[in-house]
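These protein sequences, in sequence, are chains A and B.
So for the first sequence, my numbering puts the first residue at 1; every next one is plus one.
So for the second sequence, my numbering puts the first residue at 1; every next one is plus one.
Keep in mind the hints are simulated off the structure, nothing from the lab.
Keep in mind that a hint or two might mislead.
[As the list claims (entries may be wrong)] Computed list of chain A residues with no C-beta within reach of chain B, every gap over 10 Å:
#1 D212
#2 N229
#3 G296
[To be verified] Okay, the calculated beta carbon distance ranges per label pair:
#4 A:K121 - B:C67: 45 to 53 Å
#5 A:K171 - B:G168: 49 to 57 Å
#6 A:T184 - B:D188: 19 to 27 Å
#7 B:E328 - A:T184: 34 to 42 Å
#8 A:E170 - B:K43: 53 to 61 Å
#9 A:G248 - B:K301: 23 to 31 Å
#10 B:E328 - A:I66: 39 to 47 Å
#11 B:C67 - A:E170: 31 to 39 Å
[To be verified] Pulled a few chain A residues facing chain B out of the computed Cβ check, cut under 7 Å:
#12 D91
#13 T145
#14 A210
#15 F241
#16 F270
Glycine included, C-beta positions come from ideal geometry on N, C-alpha and C.
2 protein chains.
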Amino acid sequence: MNIIVDAFGGDNAPLEVIKGAVRAKGELDTDITLVGDEEKIKKCAEENNIDISSLRIRHAATVIEICEAPTEIIKGKSDCSMAVGMKMLADDEGDAFVSAGSTGALVVGGTFIVKRIKGVKRAALAPVLPTSTTPFMLLDAGANTDCRPEMLQQWAIMGSAYMKGIMGVEKPNVMLANIGAEETKGRDLEIETYKLLKETPINFGGNVEARDLPTGVADVCVADGYTGNMLLKLYEGMGKFISRELKGMLMTGLTSKIGALFLLKKFKAFKKRLDYSEYGGSPLLGTSKPVIKAHGSSDAKAFYNAIRQAYQFTLSGAIEEMTRVIGEVKTVK
Amino acid sequence: MNIIVDAFGGDNAPLEVIKGAVRAKGELDTDITLVGDEEKIKKCAEENNIDISSLRIRHAATVIEICEAPTEIIKGKSDCSMAVGMKMLADDEGDAFVSAGSTGALVVGGTFIVKRIKGVKRAALAPVLPTSTTPFMLLDAGANTDCRPEMLQQWAIMGSAYMKGIMGVEKPNVMLANIGAEETKGRDLEIETYKLLKETPINFGGNVEARDLPTGVADVCVADGYTGNMLLKLYEGMGKFISRELKGMLMTGLTSKIGALFLLKKFKAFKKRLDYSEYGGSPLLGTSKPVIKAHGSSDAKAFYNAIRQAYQFTLSGAIEEMTRVIGEVKTVK
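Input sequences plus hints: build the corresponding full structure.
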């Protein structure tokens, strides 16, 4: 196996990427190829006394910036580290791709360079979020703003295969984000999607209201990318809000400081649970090979987690499962 | 002034409604009329030794249940407490209406019995939510699933007038819920709404991403009712999730119990801040007179808060302000 890693994606590139890649090479049974400016990678490793002799390097001259149009990855910036890495994946020079760079560019590259699974209409961003019990996959979390019921149906199939294959959930409970439990709730999109999901070979658990998501009732939650992005960001924002409030509580007043000593450890564990980057990155589901979007603020540990996730994704055979079920559903219709 | 209160709305009716109404009558300079089965109201007050001689009562034979179709309020259930109370409001027998009953029925009744402000396309549910700094109004939070830009524009005007008139925010920062900060982000609905809001006589602060809502950056957040309902319910769900987790932290382990003694008071204050029913109820904005939806689980204190909110809403002149600005905007177009 060879996992291709964009060395110039994210706020902490290339140093934290290199560190995470070296750790992954040491712990996982796979080769790792760093993609990016070779000279800069070597210089950064040298300056930080990191031995990168176990890693492969593929040179790429430029980097696509967050502020650039995502389509630049297939236009003016086709020599950027993300494009070169994805091209390698498409050309069978590697088995999976990890990047903390521009999400938009990753979606465009996943669609037009790596290419989609046969029959898949749209690729979806699929982060795994923490709850008070078991985590759930939310998709689409923002790759597609205007969606049709068939897209949500395919995402339901893909999310289910992922949660089973990579997260080990026996029979993932797939639910549809909606504003009420009844089949007739929501907009035309949800009403039509509900009908489709009832006839899809997955374990469909009906509608889920946003208030129930943090309890872990769903293993997979499908939504259009506009709604999914709202949910993802509010989830993230509420986590930060709470962390700040807890910190405030711990820091003010003498009595609290005494109490804080006892609770500090638990608070830290709780904060960590709210941090969804702990689960690795967000897979881009629907591409013909595993593509993982690491969080922009990833550190070495987060990069290691994302690479390990790509490793497990590759081993799981989940993409073959997605391909099979999506093919079946297409034939039936 | 006379505030009309549905005595049979919510999980704790009529006892908690009666208690809240008696307190409001004692503290606010207004009459209060309880609407509902007169015999039951009197019997409940007697059994609980509550003196209701200061309150007026208007008899209504039935109650509209949550499980009934909302349109029943203007059909088979036109003799229910909610319908009778709203008819009183429409007939100038009172100045504001409060109910903890079916939200759907309240929206239908507000639209077809109380009727809308001249020119208003749709009434919107508008809860006020807590943040780490100042609270914000979210609208529409679920009354309308399919929306047009003109609706969101009117809600922006109404939310701004409410936050200024009732919450005392000098120049409310009105923002549009969206998946990115740039003007070109979102679906056609958001892109068109953004253009309209730039030309509306309000303090428009651009797009707000869901992750920033808990910081209190917006005073008013407008969204279509589907998205707004998702945001409201996730806000609520995250609050409950966090409260449960905190409780769990406090209850496990000896060291934590010792720490807990010191922090308990602060935790309670924090939990209270997350509970949006503390702000009273959710106004239904767009009706020609104040209508307040109290939370279904309201207790006496929450009913008191909702009645006080109706009182302030009536005194504020916010509806006159909404009428004026919406009229202006209509003329310009």
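Now for the hints, and whether the structure bears them out:
1. D212: The claim breaks: D212 of chain A does not keep its Cβ more than 10 Å from every Cβ of chain B (closest is about 6 Å).
2. N229: violated, 4 Å
3. G296: The assertion about G296 of chain A holds, with a minimum of 13 Å to chain B.
4. A:K121 - B:C67: 45 to 53 Å: Violated: the Cβ-Cβ distance is about 38 Å, outside 45 to 53 Å.
5. A:K171 - B:G168: 49 to 57 Å: For G168 of chain B against K171 of chain A, whose Cβ atoms are near 53 Å apart, the range 49 to 57 Å holds.
6. A:T184 - B:D188: 19 to 27 Å: Because 25 Å falls inside the window, the suggested range holds.
7. B:E328 - A:T184: 34 to 42 Å: Since E328 of chain B and T184 of chain A have Cβ atoms about 39 Å apart, the given range 34 to 42 Å holds.
8. A:E170 - B:K43: 53 to 61 Å: The hint (53 to 61 Å, Cβ to Cβ) holds, given that E170 of chain A and K43 of chain B are roughly 54 Å apart.
9. A:G248 - B:K301: 23 to 31 Å: holds, 26 Å
10. B:E328 - A:I66: 39 to 47 Å: holds, 40 Å
11. B:C67 - A:E170: 31 to 39 Å: At roughly 35 Å between Cβ atoms, E170 of chain A and C67 of chain B fall inside 31 to 39 Å, so the hint holds.
12. D91: violated, 33 Å
13. T145: Hint holds; T145 of chain A Cβ to chain B Cβ min 5 Å, cut 7 Å.
14. A210: holds, 4 Å
15. F241: Cβ of F241 of chain A sits 4 Å from chain B, so the hint holds.
16. F270: Check passed: Cβ of F270 of chain A comes within 6 Å of chain B, closer than 7 Å.
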